[in-house]
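Undergrad: What follows is the residue order along each chain.
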Amino acid sequence: MSLTLEGVIERKGFGPGTWALVSPTGETYELHQPPLELQRAGLRVKVQGQIREDIMSFAMIGPVLQIQQFEHL
Amino acid sequence: MKKLLLGLLFFVGLFWALSNYSGLATQGTYDSILLDFREDIGAAQIQNQVEKLVQQFKLAPRLNSIYSLDDHLFVVKGNQAVLKRLRQSDLRKYTESIEPNYVYTAFKTPNDPDYDKQWNLRSINVESAWDETRGSGITVAVIDTGITVVPDLKDTKLVPGYDFVNDREDAKDDNGHGTHVAGTIAQSTNNGFGVAGIAYEASLMPLKVLSSSGGGTVADIAEAIRFAADHEAAVINLSLGGGGESQVLREAIDYAHSKGVLIVAAAGNANQNSAAYPARYPHVLGVAALDASGSKAPYSNFGAGVDIAAPGGSTDSNKTGGILQNTLNPDTGESIFEYYQGTSMAAPHVAGVAALVKATGIQNPDEVAAVLKQSVIPVPDDPLNHYGAGKLNADGAVKLALRGKITFNDFFRWLRDNGYLNPRFWVDGGLVALWPKLAMVLGSYLLAWFLRNFFPFTWSWPLSIGLVAGSSGLFFLKPMYLFDAPQWPFRLLGSSIPEMGSAIQGGGLHPVTASVAIPLFLLLLLLGHRHWKWFAIGTSIGMAVCLAISAIWMPQMLWLGQGAIARGFLGLNALLCLVLARFVVRSEVRTV
Chain A
387 MSLTLEGVIE RKGFGPGTWA LVSPTGETYE LHQPPLELQR AGLRVKVQGQ
437 IREDIMSFAM IGPVLQIQQF EHL
Chain B
-3 MKKLLLGLLF FVGLFWALSN YSGLATQGTY DSILLDFRED IGAAQIQNQV
47 EKLVQQFKLA PRLNSIYSLD DHLFVVKGNQ AVLKRLRQSD LRKYTESIEP
97 NYVYTAFKTP NDPDYDKQWN LRSINVESAW DETRGSGITV AVIDTGITVV
147 PDLKDTKLVP GYDFVNDRED AKDDNGHGTH VAGTIAQSTN NGFGVAGIAY
197 EASLMPLKVL SSSGGGTVAD IAEAIRFAAD HEAAVINLSL GGGGESQVLR
247 EAIDYAHSKG VLIVAAAGNA NQNSAAYPAR YPHVLGVAAL DASGSKAPYS
297 NFGAGVDIAA PGGSTDSNKT GGILQNTLNP DTGESIFEYY QGTSMAAPHV
347 AGVAALVKAT GIQNPDEVAA VLKQSVIPVP DDPLNHYGAG KLNADGAVKL
397 ALRGKITFND FFRWLRDNGY LNPRFWVDGG LVALWPKLAM VLGSYLLAWF
447 LRNFFPFTWS WPLSIGLVAG SSGLFFLKPM YLFDAPQWPF RLLGSSIPEM
497 GSAIQGGGLH PVTASVAIPL FLLLLLLGHR HWKWFAIGTS IGMAVCLAIS
547 AIWMPQMLWL GQGAIARGFL GLNALLCLVL ARFVVRSEVR TV
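From first to last, the protein sequence lines stand for chains A and B.
Residue numbering for the first sequence follows the numbering used here, starting at 387 and increasing by one per position.
Residue numbering for the second sequence follows the numbering used here, starting at -3 and increasing by one per position.
Keep in mind that the hints were calculated from the coordinates and are not lab data.
All values derive from a computational prediction rather than experimental measurement.
All residues carry an ideal CB built from backbone N, CA and C; glycine is no exception.
Any given hint could turn out to be false.
Simulated coverage check for chain A against chain B, where a stretch passes if three residues somewhere in it have a Cβ under 8 Å from a Cβ of chain B [to be verified]:
#, segment
1, 401 to 410
2, 413 to 426
3, 429 to 440
4, 445 to 452
Cut-off 27 Å, straight-line C-alpha distance, at most; resulting in silico cross-link-like pairs (BS3-like, lysine-lysine) [claimed, not checked]:
#, chain 1, residue 1, chain 2, residue 2
5, B, Lys48, B, Lys89
6, B, Lys315, B, Lys387
7, B, Lys395, B, Lys113
8, A, Lys398, B, Lys113
9, B, Lys150, B, Lys168
10, B, Lys168, A, Lys398
11, B, Lys387, B, Lys369
12, A, Lys398, B, Lys387
13, A, Lys432, A, Lys398
14, B, Lys168, B, Lys153
15, A, Lys398, B, Lys315
16, B, Lys315, B, Lys113
Below, a sample of chain B positions facing chain A; criterion: calculated Cβ distance under 10 Å [unchecked claim]:
#, residue
17, Leu234
18, Gly239
19, Tyr336
One chain only, chain A, in its complex shape (with noise of 0.2 Å):
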């Protein structure tokens, strides 16, 4: 399922740390091994991937997103 999102990137707090996007409503994806030029906290992007239903993450802040494109906004 592909799906394409805007939202800004976020480092949390689980672990040592987890990257995630969070939608201007307020939903949280984790990404799952995002690309170096995403690791970035702050970061207004528009990305486009996939839901990994198969992952599981010790993060567990949401659903977790493979993404496949982005642009920064």
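Got chain A; can you put chain B on it based on the hints?
TA: Showing chain B alone in chain A's frame:
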């Protein structure tokens, strides 16, 4: 043969525990002395004496507290030598007592220097649980990012695990999360370093399913659960979650459950209604997180799937509100002590306490879960199910698990409560024939213990009292001597029932009291009473042992002499008492 071995083990344990019993060996520590002045000598005289303490003994007496003035209770600095001098001086005349001001410590506090930062361990009452068990013999599987043996895990036992991410035997951690979780469960404790863990004598099984970035596949997690179940893990900790419902994972969980494994999982950190998978599955204990104030942590999931709540901490406003354990820095691989937050941290608290409960002998995972849930500190007003059954309580869980069981610790409490560990017992013990008495009381306890293995009855106070009364009496009272007071009350109290007939007049055992007649009479009298019939049963068991030992050791009897007749009489009655006790216990257990 099995029973004989059990018996031998019992005595080995007993003597080990006796040699380790600190109640008598160490008299406690003190660096000050308490003086309690008499009430009747008047304020002026007390003032005189206090001044004498200053001038003659060069001491600086002070009142113990603002309430001490009325009690005339003063404290002075001093050691054993000072105590001796004070006791020998004429201060003695003006005081009710001069005694060491012992320093009491409530529980064993571990010597790990940063233990004081672990608010989370105190909040689950783990210290008093440690008096009973520390999880020895139990394996906890940590299905996570792996475990690296950081310095504060050096003394912790690890059993072989597996790395399902990289498909290799060595399941070391490249993230830090799994090592932190492992620390909460079994950080090396009382090693004079770092921090403490909950079930620190348990073994850890590292199973790596999450990569260095913190994610892992359902397939790997399901395989790891089966691996743990097949390799004798008793508890599985899953500080992970997410994704959708999975048949593969559900089957793995059911498989582990059917093999007697308790599975604990984190509820999730999205602050949403309903726990994440796998916490939400049946046969999984879902754990919500509490902050340092004992409220729901802001991130914790709630609602469906939350079974219990445990400390997960919150580092939002202050780092020290998190859970502190030894882990590794993922960038450098170096050992660090770090505060983490999350339901990931809450779950291992429950897994650790589950290991303690399992170590008490409860095998069935549903029973362990029930013990954990029944022993919680309840939260009365919880409409959204933030806390499940309530807040995890390690002490309550272990005590509940041990209820109805006799452990060595119970046995010592029993000995102590009955006065057998009273110093007077050892000082004056020589006056009564100590060894036969000791054999009688231990023998009766052991016999009751054996009977209990055949017919599982509940240990109760009337039974204990019966055992003591029938076997030895409060024999340490016998040589007590109060000047001018008649001694027969002490002799009577200090006698067992078989000795009663001759307690006042002296002489050998009386053929009436030292026979099956008394327990038979007591049983007929008390059989209808729910509790006190156990006194009669205890008496019968106790007397069987007392008479048997008397027959062998000191068959001195009134009228019957001390020869073969007396021995035969005592032996026969011992046997009759035993048969009587066995008969009644068996029929009692059947009717229950």
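Undergrad: Does each hint fit the structure? Answer for all of them.
TA: Hint by hint, here is what the structure shows:
| no. | hint | result |
| --- | --- | --- |
| 1 | 401 to 410 | holds (count 3) |
| 2 | 413 to 426 | holds (count 4) |
| 3 | 429 to 440 | holds (count 3) |
| 4 | 445 to 452 | holds (count 6) |
| 5 | B:Lys48 x B:Lys89 | holds, 14 Å |
| 6 | B:Lys315 x B:Lys387 | holds, 22 Å |
| 7 | B:Lys395 x B:Lys113 | holds, 26 Å |
| 8 | A:Lys398 x B:Lys113 | holds, 23 Å |
| 9 | B:Lys150 x B:Lys168 | holds, 14 Å |
| 10 | B:Lys168 x A:Lys398 | holds, 24 Å |
| 11 | B:Lys387 x B:Lys369 | holds, 9 Å |
| 12 | A:Lys398 x B:Lys387 | holds, 26 Å |
| 13 | A:Lys432 x A:Lys398 | holds, 19 Å |
| 14 | B:Lys168 x B:Lys153 | holds, 15 Å |
| 15 | A:Lys398 x B:Lys315 | holds, 14 Å |
| 16 | B:Lys315 x B:Lys113 | holds, 11 Å |
| 17 | Leu234 | holds, 9 Å |
| 18 | Gly239 | holds, 5 Å |
| 19 | Tyr336 | holds, 6 Å |
Violation of the numbered hints given earlier is absent; every hint is satisfied by the structure.
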